[in-house]
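Asker: Now for the letters of each chain:
Protein chains: 2
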Amino acid sequence: MSGGRHLTKGSPKPALSDDGVLRLFSMRFCPYAHRAHLVLNAKNIPYHTIFINLTEKPEWLTEFSPLGKVPALQLPKEEGNPSLIESVIIAEYLDEKYPEVPLFPKDPLKKAQDKILIERFSSVTSATFKVFHADTEAAPDSLTEISKGLDIFEKELSARGTPYFGGDKPGMLDYMIWPWFERTAMLKYLLPEKYQLDKKRFSKLVAWRDLMVNDPAVKGHYLDGETYAKFAKARRENVHDFDMLV
Amino acid sequence: MSGGRHLTKGSPKPALSDDGVLRLFSMRFCPYAHRAHLVLNAKNIPYHTIFINLTEKPEWLTEFSPLGKVPALQLPKEEGNPSLIESVIIAEYLDEKYPEVPLFPKDPLKKAQDKILIERFSSVTSATFKVFHADTEAAPDSLTEISKGLDIFEKELSARGTPYFGGDKPGMLDYMIWPWFERTAMLKYLLPEKYQLDKKRFSKLVAWRDLMVNDPAVKGHYLDGETYAKFAKARRENVHDFDMLV
Chain W
1 MSGGRHLTKG SPKPALSDDG VLRLFSMRFC PYAHRAHLVL NAKNIPYHTI FINLTEKPEW
61 LTEFSPLGKV PALQLPKEEG NPSLIESVII AEYLDEKYPE VPLFPKDPLK KAQDKILIER
121 FSSVTSATFK VFHADTEAAP DSLTEISKGL DIFEKELSAR GTPYFGGDKP GMLDYMIWPW
181 FERTAMLKYL LPEKYQLDKK RFSKLVAWRD LMVNDPAVKG HYLDGETYAK FAKARRENVH
241 DFDMLV
Chain Y
1 MSGGRHLTKG SPKPALSDDG VLRLFSMRFC PYAHRAHLVL NAKNIPYHTI FINLTEKPEW
61 LTEFSPLGKV PALQLPKEEG NPSLIESVII AEYLDEKYPE VPLFPKDPLK KAQDKILIER
121 FSSVTSATFK VFHADTEAAP DSLTEISKGL DIFEKELSAR GTPYFGGDKP GMLDYMIWPW
181 FERTAMLKYL LPEKYQLDKK RFSKLVAWRD LMVNDPAVKG HYLDGETYAK FAKARRENVH
241 DFDMLV
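First to last, the sequence lines map onto chains W and Y. All residue numbers for the first sequence refer to the UniProt record's numbering, where the first residue is 1 and numbers rise by one. All residue numbers for the second sequence refer to the UniProt record's numbering, where the first residue is 1 and numbers rise by one.
Hints are supplied without guarantee of correctness; some may be wrong.
What the hints assert, rightly or not - DSS-like cross-link-like pairs, simulated, lysine-lysine; straight-line CA separation at most 25 angstroms:
1. W/K69 / Y/K155
2. Y/K155 / W/K148
3. Y/K110 / W/K43
4. Y/K155 / W/K106
5. W/K110 / Y/K43
6. Y/K77 / W/K77
7. Y/K43 / Y/K130
8. Y/K69 / W/K148
Stated by the list, open to error - Computed, partial: chain Y to chain W, Cβ under 10 angstroms:
9. L22
10. L67
11. L75
12. E86
13. A112
Don't read these hints as lab results, they were simulated from the structure. Beta carbons: idealized from backbone N, C-alpha and C, even for Gly.
Build the full structure now, drawing on both the sequences and the hints.
Answerer: Below is the structure:
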């Protein structure tokens, strides 16, 4: 909808077309927005993407996202064209509204347990953030924290005995944590010592990662490690090259 | 189950009875655990309460709550007697598992919108925490932040045109934000200048608060402002008087 370009301060507000198609406000390198892309892709829901420059935000962004964050999902078929925010709330809404391809378990207990794991994954996301964007000195501690966080998921996947957290195919938990795994491929370009997931300690997760890369929903919004690293390196020098892929 | 007393380091692990009744791990003054009490009360679900001393935690707490937090809800009828954590996840689980008294809206959009409001209420909870527990110097800024946060809820309640956020009776949004409103009654005992919610700026919320106090679920776990203030004052002096009501 914005041709891959990130709309910025001064950009005119994109007009709502009358096609009734969902509009996702996103940023190409944002892992939280990535979650929404994955769910929409996995459920084969058509949507327009509007990329947003998050350092020079368009003045109208708060009309769709009161806190100026992405993802925000606008629902043009609903009265008043409301928008939703918060990646997990958007994910659960889509799962309830478009039940044809269910992603959360149907059983309330199993669903709650998966949501707790999504919540607990935040120890990994916060440590990852430090490695990607903060100075390299913080890296060793953060890498230890990431590994400790991943132990939980390795153990869980082993206990489930299935290739994916969702069973024989990816479910909501798989998609909610995937954006950070896709981004681990940038670590070997960013850190002084080449970092890779320990293939012994995380044998299940490594096998899972190799499967996930080939999932159609994942492929539909995939970037390689070198590209993420290029964006992250520029960002460390305070250059936000949102449009580097355009 | 613990007779109102908070179990502590060295306390024996309370044995699981064979009555199949839910067990809520709680702390009498914790607003997040309060949410779980309200939902269980509103839905008339029987449960045992196990109060936990959060400064000197029992060694076995992590068996039920991996991060050592409350609330945790154990489900003795489920295989393996699993426990759930995170107040909103517990709330949503209970709403799905015990649908007789529904608390979230059925419509996925309305439900998502209520969940976004619960999430946005965190600006109020974090500012409230500062007023209750940090030094009084931070109070004026925090009070401004609380009022700005509450503006959203005043406006929302006005737009809905109903006495409660849930309509003619309290729903999940009402119960998820209530614990912090109940605690505002302590501010007049804590702050140098007596603080009250501005009756003009928050006319809908004040009327709502007066209704909520009389709700049976609220009454079932209610404490007055003076009691909260006593606990908070002691805590400011690093005395955690968990058992002050026993």
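Asker: Each hint should be assessed against the structure and marked as holding or not.
Answerer: Here is what the structure says about each hint:
A C-alpha spacing of about 21 angstroms is found between W/K69 and Y/K155, which places the hinted pair at or below 25 angstroms, so the restraint holds. Under the criterion of a C-alpha separation no larger than 25 angstroms, the hint pairing Y/K155 with W/K148 is inconsistent with the structure, at around 43 angstroms. Of the supplied pair hints, the one linking Y/K110 and W/K43 holds, its CA atoms being roughly 21 angstroms apart against a limit of 25 angstroms. Pair hint Y/K155 plus W/K106 does not hold up; C-alpha atoms about 35 angstroms apart against a cutoff of 25 angstroms.
For the given pair, W/K110 sits about 21 angstroms from Y/K43 by alpha-carbon distance, which is consistent with the 25 angstroms threshold. At most 25 angstroms may separate the alpha-carbon atoms for a hinted pair to count; Y/K77 and W/K77 exceed this at roughly 42 angstroms. Pair hint Y/K43 plus Y/K130 does not hold up; C-alpha atoms about 32 angstroms apart against a cutoff of 25 angstroms. With a C-alpha separation of about 19 angstroms, the suggested pair Y/K69 and W/K148 falls inside the 25 angstroms cut-off, and the hint holds.
Hint on Y/L22 is violated. Least Cβ distance to chain W is approximately 12 angstroms, over the 10 angstroms limit. The interface hint given for Y/L67 holds, since its Cβ lies 8 angstroms from the closest Cβ of chain W, which is under the 10 angstroms cut-off. Interface restraint check: Y/L75 against chain W, minimum CB-CB distance 7 angstroms, threshold 10 angstroms, status holds. Restraint check, Y/E86 versus chain W: the minimum CB separation of about 6 angstroms is within 10 angstroms; hint holds.
With 10 angstroms as the threshold, the beta carbon of Y/A112 comes within range of chain W, its nearest partner Cβ sitting at about 4 angstroms, so the hint holds.
The structure fails to meet hints 2, 4, 6, 7 and 9 from the earlier list, while all remaining hints are met.
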